[in-house]
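Undergrad: Spelled out from the first residue to the last, the chains are:
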Amino acid sequence: MRKLLNSAVSRRAVLGAGLATAGMLAMPSILRAQDRSIKVGVYGGYFKDSFDKHVFPAFTEATGIAVESVAEPTGEAWLVQLEQAARAGQAPADLSMMSQVAMLKGQSTELWTPIDTSKLENADNLLDQFVNKYPDGRVAGIGAVAWYITLVTNTDAYPEAPESWAALWDPANADKLGLLALVSNSFLLEVTAKTHMGGTNALDTEEGQIAAFEKLAEVKPNVRLWYRDEAQFEQALKSGEIPMGQYYHDVTGLAAADGNPVRSTFPKEGGILDSGCWALSRASEKGEEAHVFIDYMSQPDIQALMSRKVGTAPTVARDLLDLSDEEFAAVSSDIDPIIPRYDLYTSKSDWLNQKWTEMIAG
Amino acid sequence: MRREPPRTLADYAPIAFPALMLVIFFVVPFSTMIAVSFFQRDPAGFYSPAFTFANYERFLSAFFGGVLGFSIMLAVMVAIVCVLVAFPFTWLLTQASRRVQIVWLVAILSVLSLSEVIIGFAWSTLFSRTAGITNLLVMAGLMAEPQALMPGFGAVLTAMVYQALPYTVLVLYPAIVRLDPTLLEAARTLGASPMRAFLNVVVPALRNTIMATLIMVFVFALGSYLLPQILGRPQHWTLSVLITDQAIYQSNMPFAAAMAVFLVLMSLALVGLTLMVGSQREERT
Numbered sequence: 001m002r003k004l005l006n007s008a009v010s011r012r013a014v015l016g017a018g019l020a021t022a023g024m025l026a027m028p029s030i031l032r033a034q035d036r037s038i039k040v041g042v043y044g045g046y047f048k049d050s051f052d053k054h055v056f057p058a059f060t061e062a063t064g065i066a067v068e069s070v071a072e073p074t075g076e077a078w079l080v081q082l083e084q085a086a087r088a089g090q091a092p093a094d095l096s097m098m099s100q101v102a103m104l105k106g107q108s109t110e111l112w113t114p115i116d117t118s119k120l121e122n123a124d125n126l127l128d129q130f131v132n133k134y135p136d137g138r139v140a141g142i143g144a145v146a147w148y149i150t151l152v153t154n155t156d157a158y159p160e161a162p163e164s165w166a167a168l169w170d171p172a173n174a175d176k177l178g179l180l181a182l183v184s185n186s187f188l189l190e191v192t193a194k195t196h197m198g199g200t201n202a203l204d205t206e207e208g209q210i211a212a213f214e215k216l217a218e219v220k221p222n223v224r225l226w227y228r229d230e231a232q233f234e235q236a237l238k239s240g241e242i243p244m245g246q247y248y249h250d251v252t253g254l255a256a257a258d259g260n261p262v263r264s265t266f267p268k269e270g271g272i273l274d275s276g277c278w279a280l281s282r283a284s285e286k287g288e289e290a291h292v293f294i295d296y297m298s299q300p301d302i303q304a305l306m307s308r309k310v311g312t313a314p315t316v317a318r319d320l321l322d323l324s325d326e327e328f329a330a331v332s333s334d335i336d337p338i339i340p341r342y343d344l345y346t347s348k349s350d351w352l353n354q355k356w357t358e359m360i361a362g
Numbered sequence: 363m364r365r366e367p368p369r370t371l372a373d374y375a376p377i378a379f380p381a382l383m384l385v386i387f388f389v390v391p392f393s394t395m396i397a398v399s400f401f402q403r404d405p406a407g408f409y410s411p412a413f414t415f416a417n418y419e420r421f422l423s424a425f426f427g428g429v430l431g432f433s434i435m436l437a438v439m440v441a442i443v444c445v446l447v448a449f450p451f452t453w454l455l456t457q458a459s460r461r462v463q464i465v466w467l468v469a470i471l472s473v474l475s476l477s478e479v480i481i482g483f484a485w486s487t488l489f490s491r492t493a494g495i496t497n498l499l500v501m502a503g504l505m506a507e508p509q510a511l512m513p514g515f516g517a518v519l520t521a522m523v524y525q526a527l528p529y530t531v532l533v534l535y536p537a538i539v540r541l542d543p544t545l546l547e548a549a550r551t552l553g554a555s556p557m558r559a560f561l562n563v564v565v566p567a568l569r570n571t572i573m574a575t576l577i578m579v580f581v582f583a584l585g586s587y588l589l590p591q592i593l594g595r596p597q598h599w600t601l602s603v604l605i606t607d608q609a610i611y612q613s614n615m616p617f618a619a620a621m622a623v624f625l626v627l628m629s630l631a632l633v634g635l636t637l638m639v640g641s642q643r644e645e646r647t
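One line per chain: the protein sequences are A and B, in this order. Sequential numbering from 1 applies to the first sequence in this note's numbering. Sequential numbering from 363 applies to the second sequence in this note's numbering.
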């Protein structure tokens with residue numbers, strides 16, 4: 001569900017990038033120079049730039065496989081494109097970084113070629129929660145990077161960091177919040193359940209989900225902006241126009257490092273942990289290269305490199321990494337995270353979306 | 363020149379090209395959309411060809427009715443405000459010297475080069491508390507402290523009027539320039555004040571132009587989805603915003619298509635109604 005990071009582009013621009021990508025695919029001649037190559041889709045903008053700069057060149061050097069990176073558009077738009085291309089036997093990208101909801105939806109049409117973990121030397125490094133499996137146990141995707149959505153504040157407006165997600169409900173914060181506008185990327189139902197209902201298990205039943213919606217509706221008077229475009233909120237947060245909200249931990253950290261008066265706090269209920277998987281399109285003929293690529297990316301060294309350069313949280317166990325405590329704290333936290341209920345966004349997506357839209361716009 | 367009715371097939375040839383373009387760029391995409399709007403949605407995946415009314419059924423609710431009503435109301439208001447502002451402006455412009463007219467028209471055309479994104483973000487800065495226009499009022503001593511003027515209905519309306527105004531002026535301009543100046547001279551000779559001559563002679567003489575402009579701006583404003591999203595609260599989101607949500611974020615093409623078909627039908631109906639009322643009035647007078 002992660003959108004373009006930290007870039008002031010509109011959705012149109014993203015779609016444009018998608019179209020431009022499609023255009024580029026028509027002429028893959030640039031790659032002919034090298035024998036082995038692979039097309040890898042990563043989220044466009046800041047993410048892709050960081051990968052192009054810090055990660056892909058090292059991979060090509062180590063393995064001799066050229067990487068053509070493809071800017072993939074936000075959310076499920078890329079899933080739709082991959083699926084339609086796969087029906088026509090095409091793969092706009094061999095491997096793509098996919099969000100968890102998109103992974104599950106792709107599973108339903110067998111879009112992902114199962115990954116053979118016996119070919120991956122580094123498979124054992126991965127934390128279980130980052131290995132995406134088909135219901136019958138085949139591996140659909142391998143964790144690429146993880147990221148946190150946390151409680152962010154403007155340090156000028158809030159000299160003291162808030163401690164809990166409950167700050168969202170505090171009447172003192174009337175008209176001061178910026179929250180993500182969609183049920184499936186804000187994960188606010190999970191936050192509500194963890195903060196006020198004892199845990200995300202409260203969302204197991206429809207009664208629980210409705211109770212969470214009702215509790216969450218109490219936040220509405222505090223919300224100034226429901227954002228789809230991340231740049232919109234980031235700008236308002238930096239200037240203090242909207243001094244509190246939910247946002248990505250990594251980008252907030254970069255903004256703070258640039259001297260902006262912002263901070264990201266892991267609330268005591270935990271940050272929201274979301275992640276992207278490497279998934280192989282069934283139309284791709286680059287299975288071998290894809291396994292090499294995934295194996296390379298799962299090395300502790302490379303995971304540490306990405307944490308330092310891209311600001312993402314590692315998908316391999318902490319004790320394998322050479323990250324210092326400070327470096328680890330910059331991208332993650334020991335507080336038990338809020339894990340989104342991805343299952344709900346496939347089984348009840350339309351119902352949740354309808355309830356959500358009625359709640360915020362009603 | 364006498365106009366003869368077309369007799370042979372060759373006489374129809376000149377319209378073949380426009381007809382072809384209309385088919386390629388309108389009939390085919392629109393038909394596809396209508397077809398998709400009846401398809402079956404698979405919540406876990408995509409959609410499959412079918413014939414179901416479920417997508418339309420889902421739309422027929424008080425919630426979506428309210429959103430549709432708001433979208434139409436917003437577009438109507440944008441159209442009315444635009445014409446109220448642009449008509450006197452364009453009239454005064456045509457009275458100015460040619461040089462002044464050219465400068466103004468170039469300035470107006472340059473606004474057209476701004477994308478909706480830029481307009482949205484520019485207005486959101488202008489309406490902000492930290493950097494907005496209220497800071498100027500505070501400096502002038504007119505206000506105690508700066509205020510945020512967005513998000514809100516006023517902010518959405520202002521930005522949408524700003525966006526549509528150049529089109530309005532450009533549509534009105536040729537008609538107003540061509541208006542026979544002797545009409546106004548006659549009114550003045552008969553003792554009407556300039557204001558009265560403008561309201562009682564110029565405006566009625568250009569009634570059809572005004573109507574056509576209202577319709578054009580209405581249709582233009584109905585499709586807006588970025589400005590309500592950037593400058594409004596969720597209750598100011600138009601149907602276009604929800605269509606985008608469904609199409610891009612929920613990958614629910616059938617429902618998005620059904621909503622879009624509904625929006626097109628409603629706007630066609632409103633335009634038809636306006637034209638009908640207009641032509642009836644013409645017959646009476």
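Derived from the structure by calculation, the hints contain no laboratory data. Treat the hints with care, since some could be wrong.
[To be verified] DEER-style ranges, computed between Cβ atoms:
1) A416/B / A217/A: 47 to 57 Å
2) P221/A / S410/B: 48 to 58 Å
3) F387/B / Y134/A: 37 to 47 Å
4) S410/B / D116/A: 43 to 53 Å
5) P221/A / A506/B: 47 to 57 Å
6) V389/B / L127/A: 38 to 48 Å
7) Q299/A / D404/B: 34 to 44 Å
8) D404/B / D35/A: 19 to 29 Å
9) T636/B / E214/A: 54 to 64 Å
10) S410/B / Q299/A: 35 to 45 Å
11) T636/B / A217/A: 51 to 61 Å
Just so it is clear, CB atoms sit at the ideal spot from N, CA and C, and this is done for glycine as well.
Undergrad: If a hint holds in the structure, say so; if it does not, say that too.
TA: Outcome of the hint check:
no., hint, result
1, A416/B / A217/A: 47 to 57 Å, "violated (27 Å)"
2, P221/A / S410/B: 48 to 58 Å, "violated (42 Å)"
3, F387/B / Y134/A: 37 to 47 Å, "holds (42 Å)"
4, S410/B / D116/A: 43 to 53 Å, "violated (31 Å)"
5, P221/A / A506/B: 47 to 57 Å, "violated (24 Å)"
6, V389/B / L127/A: 38 to 48 Å, "violated (53 Å)"
7, Q299/A / D404/B: 34 to 44 Å, "holds (38 Å)"
8, D404/B / D35/A: 19 to 29 Å, "violated (40 Å)"
9, T636/B / E214/A: 54 to 64 Å, "violated (43 Å)"
10, S410/B / Q299/A: 35 to 45 Å, "holds (42 Å)"
11, T636/B / A217/A: 51 to 61 Å, "violated (39 Å)"
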